[in-house]
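Colleague: If you want the building blocks of each chain, they are given just below.
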Amino acid sequence: GMPVEQNPPALSLYEGADSGLRCNFSTTMKSVQWFQQNHRGRLITLFYLAQGTKENGRLKSTFNSKERYSTLHIKDAQLEDSGTYFCAAERANAYKVIFGKGTHLHVLP
Amino acid sequence: DAAVTQKPRYLIKMKGQEAEMKCIPEKGHTAVFWYQQKQSKELKFLIYFQNQQPLDQIDMVKERFSAVCPSSSLCSLGIRTCEAEDSALYLCSSSQGTGDNERLFFGHGTKLSVL
Chain A
-18 GMPVEQNPPA LSLYEGADSG LRCNFSTTMK SVQWFQQNHR GRLITLFYLA
32 QGTKENGRLK STFNSKERYS TLHIKDAQLE DSGTYFCAAE RANAYKVIFG
82 KGTHLHVLP
Chain B
402 DAAVTQKPRY LIKMKGQEAE MKCIPEKGHT AVFWYQQKQS KELKFLIYFQ
452 NQQPLDQIDM VKERFSAVCP SSSLCSLGIR TCEAEDSALY LCSSSQGTGD
502 NERLFFGHGT KLSVL
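Order-wise, the sequence lines are chains A and B.
For the first sequence, position 32 (counting from the first letter as 1) is numbered 13 according to the working numbering, and the numbering increases by one without interruption.
Position in the second sequence (from 1) plus 401 gives the number in the working numbering.
It is possible that part of the hints are untrue.
As the list claims (entries may be wrong) - The following label-pair restraints were derived from C-beta to C-beta distances: (1) A/D57 to B/L516: 39 to 45 Å; (2) A/H87 to B/K408: 39 to 45 Å; (3) A/Q32 to B/G429: 38 to 44 Å; (4) B/E421 to A/Q32: 27 to 33 Å; (5) B/K416 to A/E(-4): 23 to 29 Å; (6) A/G38 to B/E484: 39 to 45 Å; (7) B/A485 to A/N19: 25 to 31 Å; (8) A/M(-17) to B/E419: 42 to 48 Å; (9) B/K442 to A/Q59: 22 to 28 Å; (10) B/P455 to A/T9: 35 to 41 Å; (11) A/R21 to B/S474: 34 to 40 Å; (12) B/P455 to A/M(-17): 24 to 30 Å; (13) B/E421 to A/H87: 47 to 53 Å.
Hint data in this document are derived by calculation from the structure and do not stem from the laboratory.
Note that the structure is a prediction, hence the values are computed from the model and not measured.
Ideal Cβ placement from N, Cα and C applies to all residues, glycine included.
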């Protein structure tokens, strides 16, 4: 299968709702990054994780290398959260970062 | 986010023309990556430089692109003969490239339109 499988492909939320995105990995990864791509195309780094959980405001991300997954949780969704979210993971003993296909998030008023 | 600079922001070429885009990596970063993204879909790896040397690239780049990093502060990606399918956002990223410091920082991208 795909090295990085990202779900869901698309997601619509109402303002104030909570939701989660997930990436599953076909092999052991040593790190994961989550990005938000805005409407202008700029990729903004949300998290870089080698293990464990990190929080930043309304966002929380977890990376479990052993179980081969990472999640991004969005709490109290806001309109400005709309965009495409990508996870990108790096294999152990490798340099190339592999991107998921992205989740298109649309926050509705 | 860190300052990876890409120029130009937009590039319009006719089919058959040559195209060139530039990237200034974050100061001190030794690893530079180029990615291609079509229509806001997944990012496709193109080429990777470490200390200005190309260490990996996909076949398409070998065949039709030219990519160099003549200095640690400037890299370029060129397309020798543009084709319609090359229309995409080209993203440059850099990282410190050592051990745990491999977080990627991205530029704004160069949006290429081939007419």
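Colleague: Against the earlier hints, flag every one the structure doesn't satisfy and list their numbers going up.
Modeller: 2, 3, 4, 5, 8, 10, 11, 13
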